[in-house]
Amino acid sequence: MPGWHAKTEALQREGRLQIMGIVQEQHPDRCRLFMQWKQMGWPVAVDALNRLGFDGVPITFLIDEHGVVRFVNPEPGELETFLATAYPLPPGLPTAPDEEEVPATAPPGEPASAGAWRDHGDALFLWGADERLGDALGAYGRALAESGDDGPLHFRLGTTYRRRYDSPHRETADFQRAVDHWARALEISPNQYIWRRRLQQFGPRLEKPYPFYHWVEEARRDIRERGDDPLPLVAEPGGSEVAAPEESFEARTRAEPDAAGRITRDPGRLIRVEATQVPPVVVPGGVARVYLVFRPDPGVKAHWNNEVDPLEVWVRPLPGWVVDQPALTADPPPEAVSVEAREAQFELKAPDDAKPGSTLVPAYALYYVCEDVNGLCLYRRQDLSIPVRVRRPPR
Amino acid sequence: MMTLGALTLASAMTAVPVKTGTEVGQAWLVAALPSVSDAKPLSVARFRGRRVMLHQFASW
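Chains as they are written, first to last, in this note's numbering: chain A, 2 to 396; chain B, 12 to 71.
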C-alpha cells in the first residue's frame, strides 16, 4: 500500500484518481497516527467489526466512476489500463446507498432474526456512543442465541468487549471476554487472517508474525521533528503490541524482590488487579501471555505515589512451568501522583504434562500507594493467584 | 466461430443487471463505515463519477 501511495500521489493531485482506504483494525486512532506520519491525506474508513468479511490485507481495488470493480490487486500496468479505458454505464446499476443515512439504533421488533439482531448490534457499535456498547453486546448475544455458534458474531463480540475495555464504561473481565470470543471465532474459521491478527497482536510472542505497533514511537519522533504534534491514542500500545516476535521461549532471571515476605500486605483494598490470558487456553507445552492490570480503587481515593520506585511484579512459576520474566516493572508517568491503570505482561510456558483445567500461578505486586491526595502513602505488597487455563491439544 | 461465440456471450452478459459485491465486474455497494478522522459515515459511494483506488489495509 505505501508503494502505491508514491505511484499515485501525482494522479490524485491531478484529479485523475481518488484514493480511499478501509482499515481492518481494532483502534482507528492508530491508523490516524499512521496516516499523519506517512502524510497520507486521503479518506479512510474503519471496519473494526470486519463487516466486509475480508480475510486478509492488503487488498487494492480499482473502481470505475459507476462504482463497478474493474481490478483487484492490480499490477502497476493495469492502473494505466484502468485509467485509459472508457467504462460504459452498466444496465440495471443499483442505486448507491446514501452514506449520510445512518441506520437507526432502535432494537428490532420481536421476534427478530439473528441477522436483524446482528445488524442492530452493528448499528450500535458503529454509530452509538460508548455507553451503548453494553446494548450492542446484548444484541450480539441475541443473534448468537438465534443462530448458534457463529464466527462473525464471536468476532464482533470480541471487538465490542475490547472497545468497552478501552472506554470509561469498562467492566470486569472485558478484555478476557474479548480474547475468549476472538479465540472462538478463529476456532470456527482458522483461515480468517484478520481475526487471527486481532488475537496475535496481544501475543504471545511465539505466535506473532511481526511486532504490530512498534512503529508508533518512531512515528511520533518523526512527526515532532517536522514541528507537528502527534495525534493522541485512546489505548497506548505496549508490551506484546510492540514486542518483536520470538522464535523460541526464553526465560530471563532476576532476583526476587521480597523473598522473605516482609512487606505489609494490601488485600486488594487499595489497588484492584485484573488478569487476562492470551490465548484463553494454553495446551501442554504451549505458551500464554498474561496481562496484569492494576487500578487504584477510586472508592478509597487511592492513587499512585510516583516519587519512589515503580510498581514491581514477581511471578513464581509452579514446578515444570517457566516464566519469561519473573520480575517485571511498570514505569510511572512524570507526575508526582496519578491514578492511571498500570500494566505488566509476562509469558508462561506450560509443562508438557500440564494437567487440563485451571492452574493458579502465585505472584505478588509491590507498589507505593496513597489513600488520598496528601494523605498517607504506603509501600505495600499484594499477593496474587493468577488463574491460567490449560486444555488438551486437539487430536 | 470462437470469436463469434465470445461476442455473443459478451453481449448477453451486458444485458444482465450488474451484481453487487466486491469482485471484478460487480458494483461496490458497501454501506458506510465510520471515518477514522471524524467517525462520520464514509463510503465509496461518495466518489461516484470518479475513478477510485481503494486500499483495504492495516497500519501493522
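Treat the hints loosely; a few may be bogus.
Unchecked claim - Far from chain B, some chain A residues (derived; all Cβ distances over 12 Å):
| id | residue |
| --- | --- |
| 1 | Ile20 |
| 2 | Glu66 |
| 3 | Leu90 |
| 4 | Pro112 |
| 5 | Pro281 |
Said to hold, decoys possible - List of simulated lysine to any residue pairs, SDA-like, C-alpha gap at most 25 Å:
| id | chain 1 | residue 1 | chain 2 | residue 2 |
| --- | --- | --- | --- | --- |
| 6 | B | Lys30 | A | Thr86 |
| 7 | A | Lys356 | A | Glu208 |
| 8 | A | Lys39 | B | Asp49 |
| 9 | A | Lys209 | A | Asp353 |
| 10 | B | Lys51 | A | Asp353 |
| 11 | A | Lys209 | A | His170 |
| 12 | B | Lys30 | A | Lys209 |
| 13 | B | Lys51 | A | Pro92 |
| 14 | A | Lys8 | B | Arg57 |
| 15 | A | Lys302 | A | Pro335 |
Unchecked claim - Now the stretches of chain B that chain A is said to cover, found in silico as 3 or more residues with beta-carbon under 8 Å:
| id | segment |
| --- | --- |
| 16 | 33-42 |
| 17 | 58-71 |
The set of hints was computed from the structure by calculation and includes no laboratory data. Computed from a prediction, not measured in an experiment: that's the story for all the values here. For every residue, glycine included, the Cβ atom is placed at its ideal position computed from N, Cα and C.
Verification of the supplied hints:
1. Ile20: violated (5 Å)
2. Glu66: Not fine: 5 Å to the nearest Cβ puts Glu66 of chain A too close to chain B.
3. Leu90: At about 10 Å from chain B, Leu90 of chain A fails to clear the 12 Å cut-off, so the statement is violated.
4. Pro112: Holds, since 24 Å exceeds 12 Å.
5. Pro281: holds (22 Å)
6. B:Lys30 with A:Thr86: Status holds; Cα separation ~21 Å.
7. A:Lys356 with A:Glu208: Distance of about 22 Å is within 25 Å: holds.
8. A:Lys39 with B:Asp49: holds (19 Å)
9. A:Lys209 with A:Asp353: holds (22 Å)
10. B:Lys51 with A:Asp353: Roughly 51 Å between the alpha carbons, so the hint for Lys51 of chain B and Asp353 of chain A is violated.
11. A:Lys209 with A:His170: violated (29 Å)
12. B:Lys30 with A:Lys209: violated (38 Å)
13. B:Lys51 with A:Pro92: violated (31 Å)
14. A:Lys8 with B:Arg57: Roughly 23 Å between the alpha carbons, so the hint for Lys8 of chain A and Arg57 of chain B holds.
15. A:Lys302 with A:Pro335: Measuring from Cα to Cα gives roughly 20 Å; hence the hint holds.
16. 33-42: holds (count 10)
17. 58-71: holds (count 14)
Violated hints, in rising order: 1, 2, 3, 10, 11, 12, 13; the structure is consistent with all others.
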